[in-house]
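Line by line, the protein sequences are chains A and B.
Residues in the first sequence are numbered consecutively from 0, following numbering that gives the first Met the number 0.
Residues in the second sequence are numbered consecutively from 0, following numbering that gives the first Met the number 0.
Only true hints are included.
With a straight-line cut-off of 30 Å between C-alpha atoms, the simulated DSBU-like cross-links for lysine-lysine are: (1) Lys58(B) x Lys232(A); (2) Lys330(A) x Lys272(B); (3) Lys123(A) x Lys327(A).
Please keep in mind that the hints were generated in silico from the structure rather than gathered at the bench.
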Amino acid sequence: MKRLFLAFTMLGALVSGLSAAPPKAKVRVALIVESTVDDKGWCQSMHDAIKAVQKEYGNTLVEYNYSEKMKPVDAGSAARQYATNKYDIIICHGAQYKNLVNEMAPDYPNTTFVFGTSADIGGKNVFTYMPESEQTGYLNGIIAGLVTKANIVGCVGPVDGGDAARYDRGYVLGAKSVNPNVQVKVAHTGSFSDFVKAAELAKTQINAGADFLTGSSQQAMGALKVVADTKDKTIWWAGQDTSQLSVPEAPKVIAASSYNYKAVVEVLIAKREAGVRGGENIPLNFANKGFVFQYNDKVGKVLTPAIKKAVDKAKADMTAGKLPLAWKEVKF
Amino acid sequence: MTHGFVYNILLLGVPFSVALLLASLGEMFNQRAGVFNLGCEGIMCMGAFLGFLPPYFLKTGPLAPYGILIGFAIAMVAGIILGLLFALVTVTFRAEQGIAGIGLQMLGWGVAGTLFRHYVGGVTGVEGLAAWAIPGLSRIPFLGELLFNHNPMVYIAFLMVPASWYILFKTPWGLKVRAAGTAPRAADSMGINVNRVRYQALMLGGAMAGLGGAYLSLCQAKMFADDLVAGRGFIAVALVYFGRWNPVGIMGGALLFSLAQSLQLSIQVGGIKFPYEFAVMLPYVLVILVLSLTRKARMLGPSSLGIPYNREMRY
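With the rest of the complex left out, here is chain A (with noise of 0.2 Å):
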């Protein structure tokens, strides 16, 4: 139990002290986007997070570059050359990409790739990260739970897929939470980014009786929109994004919440320093400050102390790894 319990302390002390340390000798580091590394939503998140690490780090010892609107058959090639300028961590962020990282990570095995969202382990020098999003759902729920006077609420989702079905199913465990009688409308659109079917999807869920809506992924700015412009009654959002707390649809925003993958860079460079160069799955969750949440005072009255309470009750549980939450049992 001793060695246990040593082996668990040990390995605590590693990953704190992997996730913070700047590396000793210069990092080569590549990104490669489906999008563009200032969309505001997927894209952006990771490289901002690599530019943060970057600046707190030192140009000196991380060196980024990066390719955008890389399809997965083009992100081959794109990926190859990076690989043969020994670039040190390739992410590709993306889980369309894996099939091509899963392919290409044996002939460059110094070289360490990186895929995601997934919770699949890879091969010994691709690592995976994974957010936990049922935890940010979660928090959703609740306050979707608690605003609700139609006892309908609503979420626009991409796909049952990956980080986004464990944002529905937490989203739906959290307003079950704190009102059972809830009915949570989940649909999906089948596409991260077609803007116009998320805003006719909530449009629906208006028309349905929903009268909060969440949605993930960058088409959720359709939905948002939706909400906003509904002038005829009064309809919340809570948002999978923290820069939905700044734009003009903003004041319908009650709380929002973002992937911090600042948190991944710095393992990433960390377990490299230390000569892991894959076979590991990243989560994103609380715990390890992969989230972010906030709340957005301006709503007003809305957002009440017992919105806050249970919310932020619930934040602390989680983080401390006393709430589990069986998200793979909910069916939509």
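Given the coordinates of chain A, assemble chain B onto it according to the supplied hints.
Positioned in the frame of chain A, the structure of chain B alone reads:
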């Protein structure tokens, strides 16, 4: 008020069809003249982006109330210019129309995305065009909200159906267009300048595709993003075949597709046990199914569709 299931489908399906309807009607003129323009998607992208810019930049000042109107106008002009470019490539230079169309699609998508990034920078909303309830008619029970409480572009788009039918079948220019697409050699021998007619049709088609794109950014999403059009330009091309090159048939196709789209969203929201993956596919499967079942319709199409006209050559 919480609407009924069927009512919801009808209510959302009608405005959803407008972008497709506008672009398809334009594409119909292209194809009736003998040119199919797969670049419709690219023109819609440019229309969506350029239409979005005026209301985005003219939020204050004397021109602010006209931002949306200017946006629609610019989107149409951009469509005309791109239609002209496509005509130059396919009519004058007689390039393969399919390849040129794909090129135009990529050009429009790429330029719109690049300019958006440079001048706007990220997904941002605009005020957009509000609904305009037609006095009196909008108060009719059930039908009022369904048909007479939309933004003005919805009414304009549906009025374009009879207008397009009239232009195509009842005017001398419409006759020239049909002749250029069906029997260009005969038309030429009758003194019709086939290439000029094709240029005109492509410019008109471009203007309508641009308008369709602007509808997406100014009326539907009220914002612009890189992938806003999301393949609707290609659906518009397919709907022309679906509608048998007839405005009324095209309207039927656009409505069918949009209602199927609205149906699949309502199925999901209604909690009906049906795999959402299949629900999302439903509109596309429906179009393919109808196209497959009406193969004979192909025979009704312009016989010289896709064939560049060269008066010096015999076919």
